[in-house]
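A.B. asks: Residues per chain, in single letters:
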Amino acid sequence: MELIIDHLVFAYGQRWLFEGFSARAGTGVTWVQGANGSGKSTLLRLLAGALAPLHGSFELADCRHAAGDRVAPRAWRQQTFWGLSDPPPTPWLTIAECLGFVAGSYGNVDAARLREQVDALGLTAALATPLREASLGQQRKTLLALALALPVKLLLLDEPFNALDVASARHLSETLAARAARGEQVILLTSHVEPHVPVRDTWTLAS
Amino acid sequence: MLRELLRSLKEAVPILVGVSGPIFVASFALLAWAGVPPMKAVTLPWRSGVALWLAQAVLAAWPLWALRRRLLPEPWCVQLRCLPLKARALWWSDVAVSAAVLSPLAALYVLSMLVFALHRPAWWVGALPWSLVSLAGSWIASCLLGAGALAWQRRGVAARAHRARRAQSAETLLGTRPGQVVALLWWPAWRDALTPGARSLAAGVAAAIALAIAWTQGWWPVVPGAAWALMFSVLAIALTERLQRTMESHLATLAPWLASLPGAGGWRWRARVAICVPMLLAGTAAVLLVLVSRPWRGLPLAAFALGLAATPAVLAAVPSSNREAHVVLWAVCAGLLTAIGSELWN
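Protein chains in written order, with this note's numbering: chain A, 1 to 207; chain B, 1001 to 1346.
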């Protein structure tokens, strides 16, 4: 299983971020690094389907998402999870409701696995807390619990260690390392500091 | 050149005074009307008087209700709960804020009183001094109602925090799988994440239905059918328009995230349907009321029903950022519905 990015072109107005960017990532962790504004988060957004590329295509496990698609194909989204760096944009939902809504969107979530991640990240006591009243760490953990529980092939994690307590950061590192060892997922991870996980490849985006 | 311009302007002064003078005097006369309901209330039979007095007090307090989230943002409410402030101090601060917001209304009431003191109409002189007491009392009641709206906002934040602490088992909590409509449209509307929220919209729909009832039952025959139809259609269109703007900004925030989720297709058209719901509800009630009270008006009623269904659909289809198109749609839809509605009256 390999993620293939082929001649990606993208710009915010007149600000060009990718002009024919091509890369390949195998299973395991690929560390995407670069200065602020180099396009790390944008690359994850493009792969998630949150932004549409101007040109180029993505391919993973016989599924393709290319420029010109009105939205990313459902099959592509089904195999991808985007752990955005911001809190979930649904502050009116409780943590449990947010988990339930996203899990329901994917449809094939193992409830025991989700519960396991919720417990491991120390979210159990906060399940009934509305996201708008939760701490930044709890908001980030909500997305990370989903990231670690959903059976997706492509995991996009934007600054996943930000705002995490020590125990949760350790759990995240260990889980990602175990996934990488098993070769189950392609994991793209952005981070300004070197992540404490075995990194298979490093992409450095130029400013 | 400049001298020429000044001379021409000097010649235009009498014309400007002639044109703007009556407008100025007329605007004063309009402003003087602001204080009439509370002053007139004391001359009416007690039921009508109390109803009129209360209606004015509630209407005047409405800006506080509408602005409560801006005057007391949620983070402030949370901070206030942490400060060592007595309940009485908080209540007096609400009253002070309310009085400050309603101070232009107080000035308007004073102006109104001065205009009436100058003209001294017989009914007003006869009602002295109770008309002035009623006027002052109406403003104080509006201030207290406004303070109540601010207290409600503070209490709401505390109640939400309390609800969050209510214990449920993790299995139960994790077992919920809310659908798109519930999680993205229904809950934000009822949990005060949208402005206007579901309660305000429900009040708007209820007001529109009340207008439709007053219209079809002929409660005040002195008000012509066209005026009722205009009020009903303008209120229904305003609700749709306001909801559309809210929904568009709400969805703009959610769009990138939803685009990445596999099961989240179709939320755009669901949001459009949601935008149409308040007007469709009010419209259905109005059509049923006309059907019961004037069953012989079949053809105009069908046209009215069609107009009521088409208006929100057309408004929702045009993005609210296109202001010119929306102003035109407002005018055309309100005009058509008023014209057809006045036909139903005959």
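Just so you know, the hints here were simulated from the structure itself, not pulled from any lab data. Yeah, the Cβ is synthetic: ideal placement off N, Cα and C, and Gly gets one too. Watch out, some of these pointers could steer you wrong.
Claimed, not checked - Derived coverage of chain B by chain A (criterion: at least 3 residues anywhere in the stretch with Cβ under 8 Å from a Cβ of chain A; other residues may be distant):
no.	region
1	1048-1054
2	1143-1153
Unchecked claim - Over the 12 Å line for every Cβ pair with chain A, so calculated as not near, a few chain B residues:
no.	residue
3	Val1078
4	Val1095
5	Ala1099
6	Gly1179
7	Gln1180
8	Ala1183
9	Leu1184
10	Pro1188
11	Ala1189
12	Gln1217
13	Ser1260
14	Gly1298
15	Ala1310
16	Leu1329
A.B. asks: Each hint: holds or not?
C.D. replies: Hints, verified against the model:
1. 1048-1054: violated (count 0)
2. 1143-1153: As far as the region 1143-1153 of chain B goes, the hint is violated, because 0 residues have Cβ atoms under 8 Å from chain A.
3. Val1078: violated (8 Å)
4. Val1095: Holds, since 28 Å exceeds 12 Å.
5. Ala1099: Nearest chain A Cβ is 31 Å from B/Ala1099, so the label holds.
6. Gly1179: violated (7 Å)
7. Gln1180: violated (8 Å)
8. Ala1183: violated (4 Å)
9. Leu1184: Non-interface label on B/Leu1184 violated, nearest chain A Cβ at 8 Å vs cutoff 12 Å.
10. Pro1188: Its Cβ does come within 12 Å of chain A, the nearest being 5 Å, so this is violated.
11. Ala1189: Given that some Cβ of chain A is not farther than 12 Å from that of B/Ala1189, nearest at about 9 Å, it is violated.
12. Gln1217: holds (39 Å)
13. Ser1260: At about 4 Å from chain A, B/Ser1260 fails to clear the 12 Å cut-off, so the statement is violated.
14. Gly1298: B/Gly1298 is indeed farther than 12 Å from all Cβ atoms of chain A, at 44 Å.
15. Ala1310: holds (28 Å)
16. Leu1329: At about 27 Å from chain A, B/Leu1329 clears the 12 Å cut-off, so the statement holds.
The structure shown violates the earlier hints numbered 1, 2, 3, 6, 7, 8, 9, 10, 11, 13.
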